[in-house]
Amino acid sequence: MKILKTLLVTAAVSVALVANTAHAETKKIALVVKALGIGFFEAANKGAQEAAKELGDVEVIYTGPTSTTAEGQIEVINSLIAQKVDAIAVSANDTNALVPALKKAMDRGIKVISWDSGVAPEGRQMHLNPSSNPLIGNMIIKLAADNLPEGGDVAVLSATATSTNQNVWIEEMNKVLGNYQGINVVATVYGDDLADKSYRETQGLIQSYPDLKAIIAPTSVGIVAAAQAVTDAGKAGQINVTGLGLPSEMAGHVKSGASKSFAIWNPIDLGYSATMIAYDLIGGAEAKPGAELKMGRMGAVTLDDNNEGAMADPFVYDASNVEEFAKIF
Amino acid sequence: MADVQRADGHGADGQRVARHIPDRREGRAARMLKGWEALLVAVAAAIFLVNSFASPYFLDPWNLSDATFNFTEKAMIAFAMALVIISGEIDLSVASIIALTSTAMGYAVQLGFDTPALVTVGLATGLLCGALNGALVTGLGLPSIVVTIGTMSLFRGLSFIILGDQAFTGYPASFSWFGQGYVWWVFSFEFCLFLLFAVVYGVLLHRTSFGRTIYAIGNNPTAALFSGVRVGRVKFLLFLLTGLMSAVAAICLTARLGSTRPSIALGWELEVVTMVVLGGVNILGGSGTIPGVVLAALIMGMVTFGFGLLNVPGIVMSIFIGLLLITVIALPILYGRLRRRVTH
Numbered sequence: 003m004k005i006l007k008t009l010l011v012t013a014a015v016s017v018a019l020v021a022n023t024a025h026a027e028t029k030k031i032a033l034v035v036k037a038l039g040i041g042f043f044e045a046a047n048k049g050a051q052e053a054a055k056e057l058g059d060v061e062v063i064y065t066g067p068t069s070t071t072a073e074g075q076i077e078v079i080n081s082l083i084a085q086k087v088d089a090i091a092v093s094a095n096d097t098n099a100l101v102p103a104l105k106k107a108m109d110r111g112i113k114v115i116s117w118d119s120g121v122a123p124e125g126r127q128m129h130l131n132p133s134s135n136p137l138i139g140n141m142i143i144k145l146a147a148d149n150l151p152e153g154g155d156v157a158v159l160s161a162t163a164t165s166t167n168q169n170v171w172i173e174e175m176n177k178v179l180g181n182y183q184g185i186n187v188v189a190t191v192y193g194d195d196l197a198d199k200s201y202r203e204t205q206g207l208i209q210s211y212p213d214l215k216a217i218i219a220p221t222s223v224g225i226v227a228a229a230q231a232v233t234d235a236g237k238a239g240q241i242n243v244t245g246l247g248l249p250s251e252m253a254g255h256v257k258s259g260a261s262k263s264f265a266i267w268n269p270i271d272l273g274y275s276a277t278m279i280a281y282d283l284i285g286g287a288e289a290k291p292g293a294e295l296k297m298g299r300m301g302a303v304t305l306d307d308n309n310e311g312a313m314a315d316p317f318v319y320d321a322s323n324v325e326e327f328a329k330i331f
Numbered sequence: 017m018a019d020v021q022r023a024d025g026h027g028a029d030g031q032r033v034a035r036h037i038p039d040r041r042e043g044r045a046a047r048m049l050k051g052w053e054a055l056l057v058a059v060a061a062a063i064f065l066v067n068s069f070a071s072p073y074f075l076d077p078w079n080l081s082d083a084t085f086n087f088t089e090k091a092m093i094a095f096a097m098a099l100v101i102i103s104g105e106i107d108l109s110v111a112s113i114i115a116l117t118s119t120a121m122g123y124a125v126q127l128g129f130d131t132p133a134l135v136t137v138g139l140a141t142g143l144l145c146g147a148l149n150g151a152l153v154t155g156l157g158l159p160s161i162v163v164t165i166g167t168m169s170l171f172r173g174l175s176f177i178i179l180g181d182q183a184f185t186g187y188p189a190s191f192s193w194f195g196q197g198y199v200w201w202v203f204s205f206e207f208c209l210f211l212l213f214a215v216v217y218g219v220l221l222h223r224t225s226f227g228r229t230i231y232a233i234g235n236n237p238t239a240a241l242f243s244g245v246r247v248g249r250v251k252f253l254l255f256l257l258t259g260l261m262s263a264v265a266a267i268c269l270t271a272r273l274g275s276t277r278p279s280i281a282l283g284w285e286l287e288v289v290t291m292v293v294l295g296g297v298n299i300l301g302g303s304g305t306i307p308g309v310v311l312a313a314l315i316m317g318m319v320t321f322g323f324g325l326l327n328v329p330g331i332v333m334s335i336f337i338g339l340l341l342i343t344v345i346a347l348p349i350l351y352g353r354l355r356r357r358v359t360h
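So the protein sequences, as listed, match chains A and B. With our numbering, letter number 247 in the first sequence gets 249, and the count goes up by one each step, no holes. With our numbering, letter number 193 in the second sequence gets 209, and the count goes up by one each step, no holes.
Since the hints were made in silico from the structure, they are not lab data. The beta-carbon is built from N, C-alpha and C at its ideal position, and this holds for glycine as well. Careful: at least some of the hints might be erroneous.
[Claimed, not checked] Below, simulated EDC-like cross-link-like pairs (lysine to aspartate or glutamate); rule was C-alpha separation at most 20 Å, straight line:
(1) A:LYS48 with A:GLU61
(2) A:LYS106 with B:GLU53
(3) A:LYS262 with A:GLU325
(4) A:LYS48 with A:GLU294
(5) A:LYS86 with B:ASP181
(6) A:LYS30 with A:ASP88
[Stated by the list, open to error] Not everything, but these chain A residues come out facing chain B in the computed CB check (under 8 Å):
(7) THR28
(8) ILE63
(9) PRO67
(10) SER119
(11) LYS296
(12) VAL318
(13) ALA321
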């Protein structure tokens, strides 16, 4: 019977530890992530808590499975349905597999949105993208232009020639190129999202274009390799490497001067906005094409025909904040 | 595995035990197992009680019904797995069989198959996988742990090659009933199937001569062979059974998710084995009961759900289950040592 006693004590202690702090009027918003213990999502939770504090009558339940499986997320969603939470905001491990569970949640009056990684339209009321293709396309050229008041030659280091995301972003970038006077895009090369190939392609760019002032790499693999190649060629400070990258991987290159700034989504803002949107839906706002949903300090999001919306411009990281975010993701 | 250790006069804990020849089925072992099930009932009752007090949402018929989905599919496989482990073997490829079966059914959907045909495709795939495991273990005499670690990668690998980062969807509405349908009130099809299999496997193991041969093989395959038991054939059938039950679980899970990805049921093999061992089945073979496995399934399901209701992070659940498992394995061994020290 020793095991029984141990069990009872363990159970009693865990009950005491997680004693229910909910108040009668508090709205419960669950932030369901792909898996617990991932820096990106911990940061999103930070944003969600910030939103809860700002709203006052919200309790955020930050939860998720231990590994990134759809089955694990379904178990979590079932227990959230059982607790009768008011809203579920989920970053899905599987676009389709969560649909039956989330449909059940909506049937029982729970507001369901997806963010970061989306759910198929029939399984959610709206999806929040961190940004949009036009915003990203504009941001990557703006990052280069902001450091080139006199204009100059820039080159693009992309992933593969067939990667959809990068091609769309570059296309969007070319559309707004006219807004940035004096900026010439001299070449687009492909590093195939391989560190060594991206490195060699960057070396090629440096040799072929002696007047090159900036390299735009809208890929987290390419940007690091390009920054390394520029540093190794002794061109740090002369050629600015920018684009989309992860703060943890880029912090060193920002410090060395090879990259003045780069962009990526801000997970804190994402968690904050998802919570705000969920709260807006609980308050009676309707998610339908064309609707505007409130996101607190992030403004408002307008839904497209698929009930999807873009949060904001990609967030810019430079010497002033990259260290802080490098700890997160 | 077990018999090598026992044959040289050493128990599982490495102590010299030659003086009394343990009869694993009768006497002490049987009595202890009976005590074991009583203990599991007490644990299950305690968890039920704690859960009811800890969360106001626990004692709701629909919530409890939703919670059964946490364990029904795994438990169905656990029944067949219990038989395999009692016979002294193990099948670690079950979760990968789910992946391959689900992929095969998803492929069949693209070809326009209807629900009965999908079920047939699923069951056939599971049986084929089981037959491959069984043939490698009994035909070539390879250790089952090695064979099934291999096929674990093989089956899921095939699934990854076919699907990549894509998903099969578009299952017919009648198919989804297997994972989302209810037979009566809150009793889901899956839960009823779980109860049915519990009875079927209970009878098979405890009330038939086939069941007795499984114990005989697990305790001493050589002696069983000399007694006229066709050891190879029985083991082959057991691997067919785990393949078949994995296919049944795959049908339920696929129907519940409404889609197939190669990562489906990732890591389930360990949860199934945990369930079996927690149920009092000796991991070295030779002893264990189906009621024990049923109780273990209920315990694991309730712990998962209860912790979920309190929003305890999943990792704490894993730690709890891990501790429970170690305690469960260590307890009989400690008890045995203590007894020997007292009697000698």
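Index of numbered hints that the structure contradicts, given in increasing order
Numbers 2, 4, 5, 7, 10, 11, 12 and 13, in rising order.
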